[in-house]
Structures are given as C-alpha cells and as structure tokens.
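Q: Next come the chains, spelled out residue by residue.
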Amino acid sequence: MLTVRNLRVGFHLGGTLVTPVDGVSFDIARGETLALVGESGCGKSLTSLALLRLLPPPGEILSGSEIRLDGEDILALKAPALRAIRGGRIGMIFQDPMTSLNPVLTVGSQVAEAITAHERVGRQQVRERVLALFDEVGIPDPADRYRAYPHQLSGGLRQRVMIAIALAAQPDLLLADEPTTALDVTVQAQILELLDRLRESRGMGILLITHDLGIVAGRADRIAVMYAGQIVEEGTTAAVFANPGHPYTRGLFGSIPSLTGPRVRLSPIPGVVPQPNRWPSGCRFHPRCPEVMDRCAREAPVVSTPAHGGSCRCWLVTEDP
Amino acid sequence: MTGAILDTIRTAWRSPSGRAGLLILGLLVATAILAPPLLPDPLATPDPIAGATPPALAHPFGTDPLSRDILARVVAGARVSLSVAGLGVIIALTTGALVGLVAGHVGGLTDTILMRTVDGAMAIPRLFALLLLTLAWERIPLGALILVIGATGWFGTSRLVRGEVLRLRGAGHITAARALGAGSWRLITRHLLPNTTGPLLVAATLGVGEVILLEAGLSFLGVGVQPPTPSWGGMILDARPVLLTAPWASLFPGLAIVITVLAVNLVGDALRAAFDPRSA
Amino acid sequence: MTSPTPLLAVRDLVKHYRSGGWLAGPSRTVHAVNGVSFEVAPGETLALVGESGCGKTSVGRTVLRLQDPTSGQVLFEGSDLFALDRRTLRALRRRMQIIFQDPYSSLDPRMTIGRSVGEGLEIHRLVPAREIPGRVGDLLAEVGLDPDAAGRYPHEFSGGQRQRIGIARALAVEPVFLVCDEPVSALDVSVQAQVLNLLTDLQRDRGLAYLFIAHDLAVVRHVAHRVAVMYLGRFMEVGETASLISSPRHPYTRALVSAVPDPDPGRQYTRILLPGDPPSATVLPPGCPFAGRCYHRLKDARCTCERPELRPVGGSLVACHYAEEEPV
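Residue numbers (our numbering), protein chains in the order written: chain A, 1 to 321; chain B, 1 to 280; chain C, 1 to 328.
One or more hints might be untrue.
Only some residues are given here: those of chain C computed to face chain B with a beta carbon under 10 Å [unchecked claim]:
hint	residue
1	80
2	84
3	90
4	100
5	102
6	109
It should be emphasised that the hints constitute simulated quantities derived from the structure, not laboratory data.
For glycine and all other residues, C-beta sits at the position ideal for the given N, C-alpha and C.
Start from the sequences, fold in the hints, and give me the full structure.
A: Structure (structure tokens):
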C-alpha cells in the first residue's frame, strides 16, 4: 500500500546541507504493523512527518525520494489533494496528546471537525459518528465526554481522543509516533491493545514509531531499525528478534533490561548517537561498533540479506552470509 | 550581572532592528555626554525681544520664544531625560526584583500579601499617582522625581520575577542545590537571580521608553522637571503659544522623544524575541 | 537485606498537599503519601515502583527533607530528620543526595560544569578552594567524563552526559545514600544501560545505598535488591526483587509485571489489562486503594470498605485480602 524509496530529508543550515534522513526505503501493506525503531536523533520522527509532507521548515524532501500510496505519488500532489490525504487516507497520532489537542475546544467538537473536514455530513449524523468513534476507541460515557475539554481528561483518555480523530476519516494507514511514551505502563498496555484491535477490525496499516523494542515484540509484524538517518536492519519481528544481524540491533538488545532470564550486567553500546551534521564516514555505526573492521571506516556498507531473510547494512553480513 | 548585560547587548545586536536601536541610542548618549561644550549655553539669558527665529546656520534647530538655541536645549534635555529614565528604571528594577525574589522564594503568606499589594497598586494609574504626589511639592526636585518614578514603576517587574522564581523552583538544579545544603542567600544570588536576568533586562529596556514618555508628559503638564532646567516635555510646553508661528520650537524636542522611545523599543523587542523560548 | 541498623528508617510517612483556598480558588487536598514505612540498609537498593501520581516522588523528596511531611518520622543514621536544627541538618545533607529524571533542567544553564560539580565542595568547605578544580576533575573521571569538560556549559552535553554530571555533583560531597528519581527514564536505551551500569559500579565501589524511584520494573530488576510497589500513596507489595517479579502476589503487581513490554516475542504470559487510569489522589477510597481497578475474581464488599494492611504472604508483604488466591 505505502511504498517509500530512498527518502532523503535535508535541512540547509548556514550554507551546508544536513540530511537527518538519508536514503530510507520501506513498504507497509494493509493490515500490517511496521515498527520503525531507533534512538532519539536517528530520523524516525522526521521520516513519518515527511510521509505527509509536514516537515518543519527549513526541512525539505530532497529530489530522488519517492513516496507512493497505492501507486499515487504523494510528492507530486497539489495542496488540495494533499489535504485529502492528510487526516483522510493517512491518520496520525503523536506522543503528547495534550499539546496536539486544542485546549479551548471540547474534544467532541475536535473529532467532529476531523469528520467534516473530509466529508459533508449533517450535524446529527456527525454527532452519532463521533459517539460511535468514542465507543470504538473505548472512551467510557461517550455522551458526557463529548462535552469535555482536553484538560479534564486523563492522559490515556486524551490519547484515545487523538486516536478517534485519526480514525475519523477512515484512514488506510495510521502513523503512530511514540503513541505511548508519555503514558503510564498500565495505560500503555491498553493503548497498544486498542491499536492492535483497530488494525484487525479496520484492516489499517500502522507505522509504529518507537524507541522501545519492548513494545514492538508481539505487536509489530515487521521491524525496521534506524540509525543515523538510515534503516540498518529490517525483517519480520520474530526473525530479527531471534537472530539480529546488525551489531547495532544486537547492541540495543544488550542494553535493554529484561524481566525474564538471568539477571546479567547490561552491555550498553559505548559512546553517543552522532549528530546529523557529523555522520561518521563509511558505516555510520563504526565508531561505536564492537565488531568494527578496517573497511567499515572507509566504505559505506551495501544493503544485503542476512540469515533471517530481511535486509541489513553491514559488511559482516555481506562478507559472511 | 555585568556579564549578563554584555550578553544582552550582544543578543540585541544580532537582530537588524535591535542593532539599529542600539546604534541610535549610542549616538544619543554620546551626543548628550560630549556635545554641550561645543554648543551655545542652553540657559542663556532669555531675550524675549529677539523672540523665536527659524532654523539657520547659527542655530540649526532655530531658537525658542526666549531666543535660546533649541539644539543646545534638546541636547541638554537629553541629559535630563535619559538620566531620569535610566535612574528611575534602575530603582524600579531593583525594587521589583527584590520583591519578586522574596515573594517567590519565601512563598506563603508573605507572597500573598506582597502580590495582593501589587495587584492593588497596579490598579491606580501611574500618572494620576504622580500628580497627587506633586501636590506635596510646589516645585518638585529632580532627585525626588526620579525616586517617585522608580517607586511607582516596579509592580510589573516584581510579578515577572516572581513568576520566573516559581518556574525555577521546580527545576532540578534548584532542588539539587538545596539538597547540597545551599542556604537562601546562595540560592538567590547564585541560582535564582542569574537565571532571571534575561527577562529582567527586557523589562528594563521597555521600561526606559515608558519613563521617557512619562517624564515628557509630566514636564508638559508642568509638574515634572522644573524650568529653567531644559527637558523635552517642558520645551514643548514652553513652545505651545507659538505652535503655529514657530513650529520648530516644539518639533525638535518632539522628534527627540519619538526617536529615543523608538530606539529603546527596537532594542526591547529584539531582546523579547530572543528570550522568548518559542522563538528559539 | 534488612540489617539490624538501617541507614534510613521511615515510619508512617504522610504527605498531603493543599492547594487553593482563600483568594486562590477552591481548596483541594492531594493525598500524595498516606502512611508508608520502610528501611534502607547501608549498601542496599530499595526501589519504589508505581505509576504517575502514586506518591513515589513525594517520598523521595520528603526523606531528604526537601519538603516537610504532614506527619511521620524519618530517621537517618538514627537521628530524626525533622527534629534537627539547621546546622546539624546542613551537615547531614552531605550524607544524602539526589539525582533527577530530567537531565535538561537538573543543571544550572548559567553555571559551568565545574562550578556545578564543585558547589557542594564549596558549601561544605570539604577541600581548600585551590584544590576544588582537581577534585572536580577526579569526580568527572569517575563518572566516565573527560576532566576537561569542567569549563564547558550544560547545553554542550547530551542527555546521558548530563546525567553523569548530575551524578558527579551528588558524589562530590561523599554521600552514603542517594535518592535516584527516575534517573534513566528520559534517556535512550543504549545510554540508559550505561548509566545503570555506572550506578551499579558506584554502589559496589563506594558502598552507596539507593532509594531508586522508577516506573519500569525491568529497569528495577537490574538494580534493586528489594522493591516496594506503590499505589495511591500506599505500599501494595514489598519484597525481594527476584521473587516479587517472578511471583507477584498483589493483583496490581501482577498487572504491572504483565504490562512491562518485554523484548522477547516468545514470552508466554497472560496479559492483564487494567481498566481506566491511575486515579487522582484528591479523594481517597475508604477501602482498598486499588479496589476501583481491581480485577480479582474474589473482589467483594470487604475490599471497598476495609483497607487491607500489609501482611506476609509467601516471603513478601502484601496488602490484599485475597493475596493467597489466584486472581483470575
């Protein structure tokens, strides 16, 4: 359904071009969840904003990039057609539901607005649609909540309202940018469960952007790991978790404290994530890589197929398939 | 504090409007300090017979109805106006910062009493309060004028500083300093005050513009700077009877007011934009 | 792990916040902490776990006397923190320190790293002024930073580096007890692991005791000896980390454990989804604090009327009337 090829996002800063997203390619099918995983500054959020052409200025999508929704070239669309896609065929939810909702309007009217922005519907019908959406996303007492203002709702309920807004125009694809990071663990579990259920009942595709490998397990069909503006490894969740090919992915797993298994000392990745204006030469992970080889600093690795059958940007995989 | 002031000037210099404002202000201050020896005596004996003469080579801004050189009087007036504004704002700022720091840091009943007092004081128009005070003096001395302008100008500042202190109080570094055993004095001087200087200096620049206008207004009403000391507002008052026959007598002091306030506000706006977190 | 002479002993701690009132809107009381008691032994890590608003941060601030409790007692090395005069309290501050969640607000943006880290040395006059730079350099090296960083300002550092600087500042006064308030939850995973390892090493080398405040049970499992699970200002369950996580007794602990996202797709467990959100602490329920979200099959009128006290169940202390029974 969604095809992204060689997506590059550039910022012209003081005469130099910085590319925080640098050659990202992936596909999402209907009814599928793709998890885009990475640490802060890896370019995952810019990637999702670029899909809707919502980059903050002076950011721009560089030529050579390709984004297609069911074959339609999003980058070639004129403003009206683009608006029909934003919040229409592609819905979006963000990390912080408080700042994404308008504090002076009732949540009901904000969901209603999302419906009328894309369709001509009667007032009574809109209200019924909103209440049905509230019910679908698990907001208790929909009629009461319709009149509530965002600050009167808990974080979990606000995120449900955001999801209702995103669902209002019956999108084919939902972009979820760190949807549960600001929520408590028990509420996070509810929201993830809800997203799962909606994907099944509506047959939506979901792009789940997260820094948390934990919430990916058991939720996403496929996973793409981003580092320094590139996808370094991609594959089915089960396969990548069972047999990660890229040293960065392995490093992430070594860093995560786990609830099960023996209690071992964590093995963190040394160093810090590089800034977009200072991507290292060759393989961008080589200064932090425990398995670095001579050629890693000189040549950027080509994308090749690791044991788990997905794709991987690492010379180790290329040389030793 | 000196470092913070230099920082502020540097910040203002970075935007074109702030740079223009700084240049104009610098020029005004330099003229006020250096030019008087080169000009005729602004307090020359009045010569009502010669009367007002239009601008000419001898008197580039012309002369007033008492035949005194207007350029010399505008420059002398700049000394008065700028020092009244500068000193008045310094008094206002110090008082405001002190009250705001105490209210925000001590909190509780002290805070409530101070802030309700400020609410009440802000409801009284400043000009009206100053007019009432002039009832006490037949001729208000310059020092008293400065004091009174300072004493009526700190309310907004105290609220601003209190807000900053409340915001900072929750910040980790303030809690960390308390956990390290820092006392109130150290907290205020090392942690709270340095972190409020930015907004404080923005308030200061904007305050200067306000006070220049206020002083001009008071002098125009005849209750500000007293003749024969030249002040811009007073000059406009003196020139009022000849507004139509000798417009230059009120035009030049008026222009001086407009240019000064404009320059100060340009600097203030540039600073406000720079310190506004949303603009970053 | 509880030794006969605890480093820190907290008895019946209660902290209520009153907001509003005369001239400032309607008054309401937030019942943040409603009677908790615990001890921390030298060299031990006790984790306080719970969701936002459960009162864990208030406990951390109160045991350092950064705020006064509504009632209750805190004994540090045997002396009552709230009965001390200012001088003694100030001297005691040296022995107990805090590190924060937000590495961005926890350093003064207008102070160099060196001055921030050296401030404690200065306040307590621990070393002569000319030796401060040297000590600061040693401290920065101990937390894994370049000693030359002392002359730079906080904005030049990443989140993980700032967290290390915050740790160095706390260590400067040679404390024996550290409150760690969500120290890694704002950090990226790879950096989070670095900081957790640093805390573990410091505990080993310096014999530090930690009160580790967190919401993430997986993180807690890697650092804590014992865990106390908080809900609405009370302890629901207290026990040894390993047994509490592998066999939780309280329905809330079970739900928390099940809600932890685990990077192991093969892990088989029953997912427990709690209804609703963590409640606000303005109105306390009369019975069990958790009754409103409890899913236990035996939940009855007793739960909503009579508050269960902590009692020993299978090696842990559990506050549930039906802790012995499987909840579902």
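Q: Hold the hint about residue 100 (chain C) up to the distance rule: shortest CB distance to chain B must be less than 10 Å.
A: 4 Å, holds
Q: Just to be careful: measuring from the Cβ of residue 109 (chain C) to every Cβ in chain B, is the smallest value less than 10 Å?
A: 7 Å, holds
Q: Checking hints one by one. Is residue 84 (chain C) an interface residue toward chain B, by the C-beta closer than 10 Å rule?
A: Result: violated, 12 Å to nearest chain B Cβ.
Q: Taking the closest Cβ pair, is residue 80 (chain C) under 10 Å from chain B?
A: 18 Å, violated
Q: Against chain B, run the beta carbon of residue 90 (chain C) and see if the smallest gap drops under 10 Å.
A: 5 Å, holds
Q: Given residue 102 (chain C) as an interface hint, is its Cβ closer than 10 Å to any Cβ of chain B?
A: For residue 102 (chain C), the interface hint holds, since the closest Cβ of chain B sits about 6 Å away, which is under 10 Å.
Hints 1, 2, counting from the list given before, are not met by this structure.
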